[in-house]
Amino acid sequence: MDFQVVVLAGGVSKKLLPLVSKELPNALLPVANRPVLSYVVELLELSNLKDLIVVVEGKDVALNVGAWISGAYADRLHVEVASVPEDVGTAGAIRAIAHHLTAKDILIVSGDLVSDVPVGAVAATHRRHDAVVTALLCNAPISGPLESVSSGGKDKTKKPGRYDLIGLDPTKQFLLHIATGAEVEKDLRIQKSILRAVGQIEIRADLMDAHLYAFKRSVLLEVLDQKSAFQSLKHDVLPYLVRSQLKSEVLLNGTPQAEENGTEKVNSQSNQQMISQILANASEPTFHLRHTLGTIGSDSVRRAHKCCVYISGSSKYCARLNSIQAYNDINRDVIGEASHLSGYSFSAHNNIIHPTAELGAKTTVGPHCMLGEGSQMGDKCSVKRSVIGRHCRIGANVKVVNSVVMNHVTIGDFCSIQGSVICSNVQLQERAILKDCQVGAGFVVTSGSEQKGEVLAKK
Amino acid sequence: MDIRRASHPVIDPKVRRVGFFDQPEPESPHLPDTPPPDPVSSVIMPPPRLLSERTAAVPVPESRFRRHELDDQVPIGSYNPAQCVFRASPTASITSSSVGIIDGEFSEDCSGAGWFRGSELSFPDGGLDLPAVKPHEVLAENRYDDAVNVNNLRRVTEKKHETVKEVSPDTPSVSQPLKAKTTKAERRALQEAQRAAKAASKANGNSAVAESGKASPAKSKKQSSQKKDGPPVTSSVTIYKKSGNHPLEKERKKDPPPQRMQFDDQNRVEKAKRRALVNQTEARNRVEIFRHLPQYEHGNQLPNLESRLFQLDSMHPAVFKVGLRYIAGDISGVNARCTEMLRALQDAIIDYSTPPEKVLIRDLTAKINSYVSFISECRPLSISMGNAIRFVKSRIAKLPLSYTDTEAKTALCSDIDRFINEKIIIADKVIVGHAITKIRDGDVLLTYGLSCVVEMILLSAHDLGKKFRVVVVDSRPKFESQALLARLIAKGLSCMYTHINAVSYIMHEVTRVFLGASAVMSNGTVLSKIGTACIAMVAHEFRVPVLICCEAFKFHERVLLDSICCNELGDPDAVATVPGRMDINYLDNWTNKENLQLLNLMYDVTPSDYISVIVTDHGMIPPTSVPVIVREYGQEHYIT
Chain A
1 MDFQVVVLAG GVSKKLLPLV SKELPNALLP VANRPVLSYV VELLELSNLK DLIVVVEGKD
61 VALNVGAWIS GAYADRLHVE VASVPEDVGT AGAIRAIAHH LTAKDILIVS GDLVSDVPVG
121 AVAATHRRHD AVVTALLCNA PISGPLESVS SGGKDKTKKP GRYDLIGLDP TKQFLLHIAT
181 GAEVEKDLRI QKSILRAVGQ IEIRADLMDA HLYAFKRSVL LEVLDQKSAF QSLKHDVLPY
241 LVRSQLKSEV LLNGTPQAEE NGTEKVNSQS NQQMISQILA NASEPTFHLR HTLGTIGSDS
301 VRRAHKCCVY ISGSSKYCAR LNSIQAYNDI NRDVIGEASH LSGYSFSAHN NIIHPTAELG
361 AKTTVGPHCM LGEGSQMGDK CSVKRSVIGR HCRIGANVKV VNSVVMNHVT IGDFCSIQGS
421 VICSNVQLQE RAILKDCQVG AGFVVTSGSE QKGEVLAKK
Chain B
1 MDIRRASHPV IDPKVRRVGF FDQPEPESPH LPDTPPPDPV SSVIMPPPRL LSERTAAVPV
61 PESRFRRHEL DDQVPIGSYN PAQCVFRASP TASITSSSVG IIDGEFSEDC SGAGWFRGSE
121 LSFPDGGLDL PAVKPHEVLA ENRYDDAVNV NNLRRVTEKK HETVKEVSPD TPSVSQPLKA
181 KTTKAERRAL QEAQRAAKAA SKANGNSAVA ESGKASPAKS KKQSSQKKDG PPVTSSVTIY
241 KKSGNHPLEK ERKKDPPPQR MQFDDQNRVE KAKRRALVNQ TEARNRVEIF RHLPQYEHGN
301 QLPNLESRLF QLDSMHPAVF KVGLRYIAGD ISGVNARCTE MLRALQDAII DYSTPPEKVL
361 IRDLTAKINS YVSFISECRP LSISMGNAIR FVKSRIAKLP LSYTDTEAKT ALCSDIDRFI
421 NEKIIIADKV IVGHAITKIR DGDVLLTYGL SCVVEMILLS AHDLGKKFRV VVVDSRPKFE
481 SQALLARLIA KGLSCMYTHI NAVSYIMHEV TRVFLGASAV MSNGTVLSKI GTACIAMVAH
541 EFRVPVLICC EAFKFHERVL LDSICCNELG DPDAVATVPG RMDINYLDNW TNKENLQLLN
601 LMYDVTPSDY ISVIVTDHGM IPPTSVPVIV REYGQEHYIT
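In order, the protein sequences belong to chains A and B.
Taking the working numbering, the leading residue of the first sequence gets 1, the next gets one more, and so forth.
Taking the working numbering, the leading residue of the second sequence gets 1, the next gets one more, and so forth.
The hints are simulated quantities; they were obtained by calculation from the structure and are not laboratory data.
Please note: incorrect hints may appear among the correct ones.
Here are the computed distance ranges between Cβ atoms for each label pair [said to hold, decoys possible]:
{"#": "1", "chain 1": "B", "residue 1": "Ala276", "chain 2": "A", "residue 2": "Ser315", "range": "22 to 28 angstroms"}
{"#": "2", "chain 1": "A", "residue 1": "Gly313", "chain 2": "B", "residue 2": "Thr498", "range": "36 to 42 angstroms"}
{"#": "3", "chain 1": "B", "residue 1": "Thr354", "chain 2": "A", "residue 2": "Ser70", "range": "23 to 29 angstroms"}
{"#": "4", "chain 1": "A", "residue 1": "Ser315", "chain 2": "B", "residue 2": "Arg476", "range": "29 to 35 angstroms"}
{"#": "5", "chain 1": "B", "residue 1": "Gly492", "chain 2": "A", "residue 2": "Thr171", "range": "27 to 33 angstroms"}
{"#": "6", "chain 1": "A", "residue 1": "Asp206", "chain 2": "B", "residue 2": "Asp583", "range": "57 to 63 angstroms"}
{"#": "7", "chain 1": "B", "residue 1": "Arg469", "chain 2": "A", "residue 2": "Gln231", "range": "32 to 38 angstroms"}
{"#": "8", "chain 1": "B", "residue 1": "Asn304", "chain 2": "A", "residue 2": "Ser345", "range": "25 to 31 angstroms"}
List of simulated lysine-lysine pairs, BS3-like, C-alpha gap at most 27 angstroms [as the list claims (entries may be wrong)]:
{"#": "9", "chain 1": "B", "residue 1": "Lys367", "chain 2": "A", "residue 2": "Lys50"}
{"#": "10", "chain 1": "A", "residue 1": "Lys399", "chain 2": "A", "residue 2": "Lys384"}
{"#": "11", "chain 1": "A", "residue 1": "Lys172", "chain 2": "B", "residue 2": "Lys478"}
Some chain B residues well away from chain A (every beta-carbon gap over 10 angstroms; in silico) [what the hints assert, rightly or not]:
{"#": "12", "residue": "Arg291"}
{"#": "13", "residue": "Glu306"}
{"#": "14", "residue": "Thr365"}
{"#": "15", "residue": "Ile506"}
Built from N, CA and C at the ideal position, the CB exists for glycine as well.
Sequences are here, hints too, so could you generate the full structure?
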């Protein structure tokens with residue numbers, strides 16, 4: 001279908017420290033014991049998209065990610081892993097791989113997307129409207145009741161549900177305004193020209209840009225080429241395209257339509273015009289068209305391009321793993337309400353216990369839990385709404401609630417873990433009590449310590 | 001009424017003149033940039049060919065099949081009344097009677113059967129005939145030599161008995177599947193015969209490369225007759241072409257036109273569903289009389305198709321986009337739809353490359369077929385689009401085998417460009433030129449719906465400085481005319497806008513009615529947006545001339561008597577809601593109401609009696625002259 005897919009898998013995000021490291025980059029962070037990148041890759045695979053370009057920041061990270069992908073998908077998919085220098089931003093990443101892009105349209109997906117929205121639908125919307133960019137919008141995630149994490153000064157977690165401010169036209173097909181990131185906090189500025197052309201703008205705060213875009217390649221590359229200051233697709237390129245949609249500076253369709261043929265073709269030119277007139281009259285005029293046609297008298301030709309949106313239905317799951325808060329939420333959802341995403345089959349008790357896992361006497365694993373391969377649990381333990389990784393050794397009388405425990409973690413007797421993330425190879429000595437903590441890889445929590453809302457990591 | 005009529009004493013006689021006496025119009029359009037449409041072949045037509053085409057216009061199946069069918073219909077007819085007697089509920093009688101109407105009126109060859117059904121209503125024990133019929137038929141079939149037909153007959157009869165047996169714990173709508181079975185079997189018989197003929201012809205075409213050595217005497221006769229009418233051709237390529245294509249053409253003329261898919265035929269619908277790329281769910285409350293048309297739920301078609309964008313690998317992106325735009329209703333209007341489809345096919349042809357071990361002509365035709373079936377799944381094709389597709393396919397079939405891929409592709413692309421240019425653009429210009437002569441100062445012109453030709457006429461008349469007013473009539477649910485109105489007003493025309501309900505009030509001041517058309521049938525009926533017939537009738541009543549503006553590529557040899565058998569159904573929800581009034585919600589959950597059916601019909605048929613003149617690119621003609629255009633120019637789309 002003439003689409004190329006670029007997965008921006010990122011590198012090691014500061015927002016996710018201490019969970020991530022060079023060895024465990026963002027893309028490989030386990031969600032329900034599967035790297036988060038696998039959710040995107042499988043979403044794309046489900047849509048029959050098997051040629052992917054995965055862009056990773058940093059060489060070491062690229063090696064890690066590449067190794068994992070070739071191990072997991074070598075037989076099914078054709079994946080190219082490209083590494084770009086760190087801190088070039090998403091726009092820089094696309095610039096770096098621009099020479100690989102040949103298709104008419106480019107689908108750019110963030111590697112931290114966990115979703116079941118059909119990718120084809122976004123692409124189809126893009127095609128249908130012949131848009132310059134189409135963005136996937138989803139409902140802003142609602143944080144869980146127990147997730148009042150105070151993990152540093154991230155304004156996103158403080159204001160749940162207010163990620164982006166999005167202006168839509170009344171038909172909810174076109175993107176008229178987008179304020180992301182820091183702009184959300186500022187005053188809302190809407191262009192008069194757009195408002196005048198459309199007549200009515202609907203401003204939504206309950207939608208979130210899911211960072212899945214379909215771009216027209218020629219336009220994207222041109223914009224990236226001209227505006228070398230642009231760092232991010234989401235914060236720079238998309239708002240720029242939205243802002244300039246009625247005074248388009250990009251060349252649509254790559255070729256200027258006027259002066260390309262000589263005098264002999266004037267006749268066919270007028271015919272061409274007539275055809276486009278017929279076609280334009282036959283279709284429902286969008287405000288773009290009305291705007292461009294509304295220039296009677298003025299000599300300058302107005303040009304417009306379309307920025308479309310695809311709004312995912314409320315039944316679809318869509319979340320981005322871009323904060324620790326989100327990490328907790330997504331883990332909870334993937335084994336909970338959005339369990340079809342995990343790809344596992346749940347037992348009668350609505351949980352997943354690997355057959356090789358060993359449970360001690362009187363140990364209970366509640367619904368919406370997951371127990372990885374080869375993990376051992378002692379007696380009288382209780383696990384609720386948590387994910388426990390592979391080969392963990394958990395002592396007796398341990399309580400794990402609303403938490404994520406990664407692989408090879410050793411937990412002593414009488415420990416209690418609530419709302420926390422325990423990374424791989426962590427050792428929890430006896431009677432440690434953790435509430436809303438993040439424990440970095442390889443950390444040792446001394447026995448009897450009681451932590452609340454702390455970030456524990458190796459210095 | 002009389003007073004109103006009296007107010008137009010001058011116009012009325014003129015109308016009639018316009019319609020029927022003004023028509024020795026130029027045969028060839030007098031526009032400088034039209035290439036002259038092959039004067040030799042179009043003017044001198046030999047009588048034999050003419051006759052054969054005449055017959056082709058009427059869908060009469062081969063006589064043999066017809067006879068079988070009549071034989072078969074007897075048991076059906078005799079069985080059916082038994083049911084009506086068993087359950088004499090009002091619904092049963094209604095359904096059976098409505099089916100009877102369909103049989104009697106619309107498919108001509110079934111009229112006998114319909115009559116039988118009616119007459120034998122009085123024999124309640126008609127079902128007892130069946131065992132008597134069966135051995136008879138079986139015996140008969142053993143005597144036949146023709147394998148194809150025997151097989152078919154057997155299938156027909158056996159099927160019939162099966163269904164009869166199955167059905168005997170009766171349901172009121174039994175008559176329908178029974179009827180469907182017959183047509184299906186009949187169709188299959190036809191198809192097999194065709195296939196056999198085609199295979200034979202292919203063999204002919206392949207073996208007889210240079211000369212039509214194996215052509216049957218009839219064929220050679222045909223050829224000689226053709227040679228008479230055309231300029232004498234000597235090049236070996238054309239001769240070969242003729243020998244290859246002739247049997248096919250002959251076959252086509254003998255056969256009835258390919259029947260449309262009947263959506264009340266369970267088996268075929270299921271088969272089609274398996275093949276379908278767009279999975280659609282059938283609407284729940286289907287309108288009974290329109291069961292033969294596709295009636296799907298409209299809400300989830302688009303998301304379904306959208307989400308499968310990447311699954312449909314076989315589809316060309318351009319074709320897919322057109323399908324999407326059709327299904328989403330982004331584009332309407334026959335000319336625009338046709339142009340977009342042709343452009344998409346052009347794109348697909350440009351990107352096409354012949355796979356190894358295959359012939360471009362065959363493979364590309366198959367590809368085009370799959371594209372077309374996809375497009376028609378998205379929205380049923382209009383007749384003009386059918387014509388355009390026929391044109392493309394015939395161009396492909398006519399490609400010389402010696403052409404390389406690139407040559408063939410450029411030839412096809414320029415052919416498609418030519419079609420769009422000549423049949424749509426230049427045709428529109430010619431129509432504008434003709435129609436504009438009928439607009440005089442002080443006229444009040446009425447138009448309905450959204451026709452691009454009518455719009456061009458109005459605008460160019462305005463540009464010429466003619467002083468006239470326009471009445472734009474619109475109708476629910478789409479209010480398409482508002483766009484037209486906006487454009488007219490922007491150009492400074494003085495307009496009046498009203499809805500179709502008010503047409504009888506406004507008509508008395510109107511002096512001309514300009515209407516567009518979706519298709520014109522060879523009996524002069526005009527298929528157009530629903531409501532057109534109403535406008536035309538009111539205009540006729542008020543003695544206002546009705547001018548139909550329609551390009552000649554929308555003409556079709558088919559005969560259409562009513563708007564039931566060939567139509568399209570829109571989204572029923574569109575008629576259930578009132579735009580801008582959220583409080584009127586009586587029909588909100590209409591799908592749950594078993595006894596409610598919503599009908600949103602898209603087209604209607606205007607009988608030729610109500611049409612004064614049809615303005616086409618071949619001049620202004622009365623509706624009775626449509627067959628002439630179809631005969632003289634209709635074939636031209638795909639033969640030149």
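These are the hints, each one checked on the structure:
{"no.": "1", "hint": "B/Ala276 - A/Ser315: 22 to 28 angstroms", "result": "holds (25 angstroms)"}
{"no.": "2", "hint": "A/Gly313 - B/Thr498: 36 to 42 angstroms", "result": "holds (40 angstroms)"}
{"no.": "3", "hint": "B/Thr354 - A/Ser70: 23 to 29 angstroms", "result": "violated (36 angstroms)"}
{"no.": "4", "hint": "A/Ser315 - B/Arg476: 29 to 35 angstroms", "result": "holds (32 angstroms)"}
{"no.": "5", "hint": "B/Gly492 - A/Thr171: 27 to 33 angstroms", "result": "holds (30 angstroms)"}
{"no.": "6", "hint": "A/Asp206 - B/Asp583: 57 to 63 angstroms", "result": "violated (26 angstroms)"}
{"no.": "7", "hint": "B/Arg469 - A/Gln231: 32 to 38 angstroms", "result": "violated (60 angstroms)"}
{"no.": "8", "hint": "B/Asn304 - A/Ser345: 25 to 31 angstroms", "result": "holds (27 angstroms)"}
{"no.": "9", "hint": "B/Lys367 - A/Lys50", "result": "holds (24 angstroms)"}
{"no.": "10", "hint": "A/Lys399 - A/Lys384", "result": "holds (8 angstroms)"}
{"no.": "11", "hint": "A/Lys172 - B/Lys478", "result": "holds (19 angstroms)"}
{"no.": "12", "hint": "Arg291", "result": "holds (30 angstroms)"}
{"no.": "13", "hint": "Glu306", "result": "violated (4 angstroms)"}
{"no.": "14", "hint": "Thr365", "result": "holds (23 angstroms)"}
{"no.": "15", "hint": "Ile506", "result": "holds (24 angstroms)"}
The structure is inconsistent with the numbered hints 3, 6, 7 and 13, although it conforms to all the rest.
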